[in-house]
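The chain contents come next:
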Amino acid sequence: MSQLFEKSKKHWRAYKESMRKTRPFGSWIAKRLAAGAALALVLGLLPEGGRRGDAVAAAPLTIGFIYVGPKTDYGYNQAHAEGAAAVAKLPGVKIREEEMVPETVAVQKTMESMIHLDGATLLFPTSFGYFDPHILKEATKNKNVTFLHCGGLYQEGKHPTNVGSYFGYIDEAEYVSGIVAAMTTKSNKLGFIAAKPIPQVLRNINSYTLGARSVNPKVTTTVIFTGDWSMPVKEAEAANSLIDQGADVLTMHVDSPKVIVETAERRGVFVTGYHANQSALAPKGYLTGAEWNWAKVYTDYVHMIQNGQTYPHLLRGGLKEGFVKVSPYGKAVSAAARKKADAAKAKFMAGTMVVYKGPLKDNAGKIVIPAGTEEKQTDIALEKMDYLVEGVVGKTH
Amino acid sequence: MGIGVTIGALSPATEKSPEAEAQAAASAEGRRAARRRAIESVAIPLGAIAAALVVFGIFVALTGRNALAVYHEMYRGSFGTWFSFQNTLQRAAPIMLTALATAIPLRLGLVVLGGEGAMVLGGLAAAAIGIHLHSPFSVKLAMFVTGALVGGLWSAGAGALRAYRGVNETISTLLLNYIAIALLNHLVEGPLRDPASLNKPSTFPIGDDNMLGNLPGLDVHWGLGFGLIACLIAWFLMQRTTFGFSARMVGGNVRAALLNGLPVRRLIVVATFVGGLGAGLAGAVEVAAIHGNANAALVTGYGYTGVLVAFIAHANPLGVIPVALLLGGIGASGGLLQRVFELPDATVNVLQGVIFIAILFSDSLCGRRWRRLPARAVTE
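Residue numbers (this note's numbering), protein chains in the order written: chain A, 1 to 397; chain B, 1 to 380.
Pulled out of the complex, with its shape left as it was, chain A reads as follows:
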C-alpha cells in the first residue's frame, strides 16, 4: 500500500512537471471568459477558441496515432501500433495513442483533441474509413497539421495539401502465403474468411488463390463473407464450418484474425495469418502470413518531416519496397514449400512478378483479363476489382 502511495505521489509530481512544461494551467478561466465575452459581442465571428498547438511549436514533434480497434488485436490495429512503437524510439519525437475510436464525429474530436490539447502536428489516423469525411474536414480546419492516412486515397488537386495517404500491396504477401498453403494442404481445400466483398478484400482472395494454384492447380479456395470487420462469433462459426467442409488451411481478411487462428489451432488444421504475426496463437498450425511493415513506412515519413523535406502525398509499395512482409515460416512448412515460396518472393523483390495477367477467368467462366494483357500492381483497374478468380468457391454478392 505504501509503495502504491509512493508511486502515486511520484506520478503526481511527474504529471505536474509535464503540465508546467507543456502549457501553464490556470489560463483556461481567462480564456473561456474571454471566448465567452467575445462570443456575446461578435456572435458568429469568433474563430475557433485558443489554439494551443501554436504555443508548443518548439517542443519535440508530437505525433498522434489513432486506431479503430484495440491496439492488441493481433491484427490491423496491432500492425499500426507496432509502427507507432518504432516511431516512439526515434529521437525528438513524442507519440500519443488512442484506440477504439469509431469512424464518427468521435474521430474528428480525437484529432482536434490531439491538436489542441496535446500539441500534435502530425497525425496518423489509421483506419480506412477515417479519410472521407473526417480527415478531409480536419485537414481543411487545421492547415498547420499534417495528416497521413492508411488507404492510398489521396487525389492531387481534390484533397487538401496537408494530407497524405499510403498503402501496401499486401496481396503480394498473400500470393506467397497461397503457395505455402497449397503445398501444405492434403485435401486441396483452402478456406478464406473475409469481411466484405470490396475490391481490396477480393484482391487478397484472388492473389492467395492464384498463388496457390500456381503450384497446385487442383486447389480451390472457399470464401465466407461475415459482413463486417470485427465479428468474432461469426468468424468462429465460419472457421468451424469451413473445417467441417474439409478445408485444412484457413486464412482471413478481417480486422482481428485472433479467433480464426485459435479455432484452426484447436481443430488441428493449418492457418496463414494476416495483418500481423499470429504465430504465438497457433505454434503448431501457423504456416506463414501476410504482414504489414508500417514501422518502415512511419519512420521514413517522420524522417522526411523532421528534416523538412516534402513527403509524397501518395505512397504505395509491396514486398520490394518493404511495405509488407511474409511471416517467418512455421515448423509445418516443408522444404519444397519453402523453396517454391522463396522463389516467388525473389521474383517480387526483383520486380518481375505480375500476378494479374491474361488470360484470366473469373469463377463463373467469364474472361476478366484477356490474353496478352498484364495488369501490374500499379494498374488502376485492380483498384476496382469486382470478381473472384477461377478456383474460388463463393460469390461477390
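A few of these clues could be false.
Derived Cβ-Cβ restraints for the label pairs, each shown as a range [unchecked claim]: (1) A:G308 to B:F361: 56 to 62 angstroms; (2) B:Y71 to A:R267: 44 to 50 angstroms; (3) B:P195 to A:T161: 23 to 29 angstroms; (4) B:F236 to A:T310: 55 to 61 angstroms.
Since the hints were made in silico from the structure, they are not lab data. By construction, the Cβ of each residue, glycine as well, lies at the ideal position given by its N, Cα and C atoms.
Given the structure of chain A, go ahead and fit chain B onto it with the hints provided.
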C-alpha cells in the same frame, strides 16, 4: 406525483375556518414535501456521482496513477477548455435525440431498446431522399422530416406489435435493430451504392450544399440545437398535455387507465412513434452534418447509449439533457486518459459503469424520511 402539490397550492387560504386551517397545514406540508423532493432530486444524484468518483479514484490508484491527476485531466478534456466543452456538447447532441426513443415509451412502462435501429434507418432514409432532391432548403427539410418519420414508423411498428399482438417490446425492438442494420448494409452495398465508393460502400453523397452547418459561434453542428429543442418539446408533451398525462397514467397503472376509458393501445403506438421520431432525426443529422452519405458508419451505438441516458434521467426528457452532457463529457475525456496516462480504453467504461450503478442505487434513497418517524407512527 405532482397532484398533491397542485391541490395544496390551489386551495384558498383566506378564510380562517377549521377546514381552511387544516388545508393550510396540508398545503404547507405539501410545499415542504415538494421542496424536499426538489432538493433530493438534485442532491442525491450529485452525492451518487461523488461516491462513484471516490470508488473510481481507488480503482485508478490501484493502477499506480494519481487519481487527482486523472480527474484533473478528465476535467480538462471534458469541460476545462473552450475546445473541450464544445467537444462535450458535440458528443452529447445525438444522445439527447436517441434517448427520447427510450424515454418517452418508458413513461408508459415500455422498455424500448430500438433507438439504434430507428436512427440507422432514419439516416438511410434521409440520405436516400437527399440524393434525389435539389434546391438546398427543401432538401434539408425533406431529409429531416423523412429521417424522423422513418425512425418513428420503425419504432411504432414495435409499438403496434406490443399493443395489438402482445409481442414483448424489449425483445422486438432489440431484434429490429439487427434487421435495420442488415437492411442498411444490404442497401448501401447493393441498390443504393455509389459505384465510386470502392472500399467503403456508401450511397451517393447528398452534396456539400445540403450539409448541415454549425451553430453560430460554436464548433458544434445544429444537431445540438435539435436535441435541446426536441427534449423541451418532449418534456412539454409529457408534462403539460392531455396526451402526456394519459401516457403517464398508462405507465402508472394500466388497468386504471383502461377503466377510465383511455385508448391504451393507441397511446402505446403514438408514444413509440414520437420516441422514434427523435432517433430518426438523430440519424438524419448524422448524415447531413457529418458523413454526407449513408454507410456502415451510421451504426454508432448512440441508440444504446440513449437507453442508458433515458433510464438514468428517469425518463424525464429534461433530465436527458444533463445526463447526455455527463456522458458526452466522459466520452470527450476518455481519449486523454488513454493518451496521457496510457490507461486502457475500457477505463472510461469502468467510470461510466460505476457512476450509473451509483445513481441507480441512490434512487432507493429518494423519498426516505431522514428524521425519526413521528411518535404516532412508531407506537402503531
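Verification of the hints:
Between G308 of chain A and F361 of chain B the beta carbon distance is about 58 angstroms. The supplied range of 56 to 62 angstroms therefore holds. The beta-carbon spacing between Y71 of chain B and R267 of chain A, approximately 48 angstroms, falls within the hinted interval of 44 to 50 angstroms. For P195 of chain B and T161 of chain A, the hinted distance range of 23 to 29 angstroms is satisfied, since their beta carbons lie about 28 angstroms from each other. A beta carbon spacing of about 59 angstroms between F236 of chain B and T310 of chain A agrees with the range 55 to 61 angstroms that was offered as a hint.
Of the numbered hints given earlier, the model fails none.
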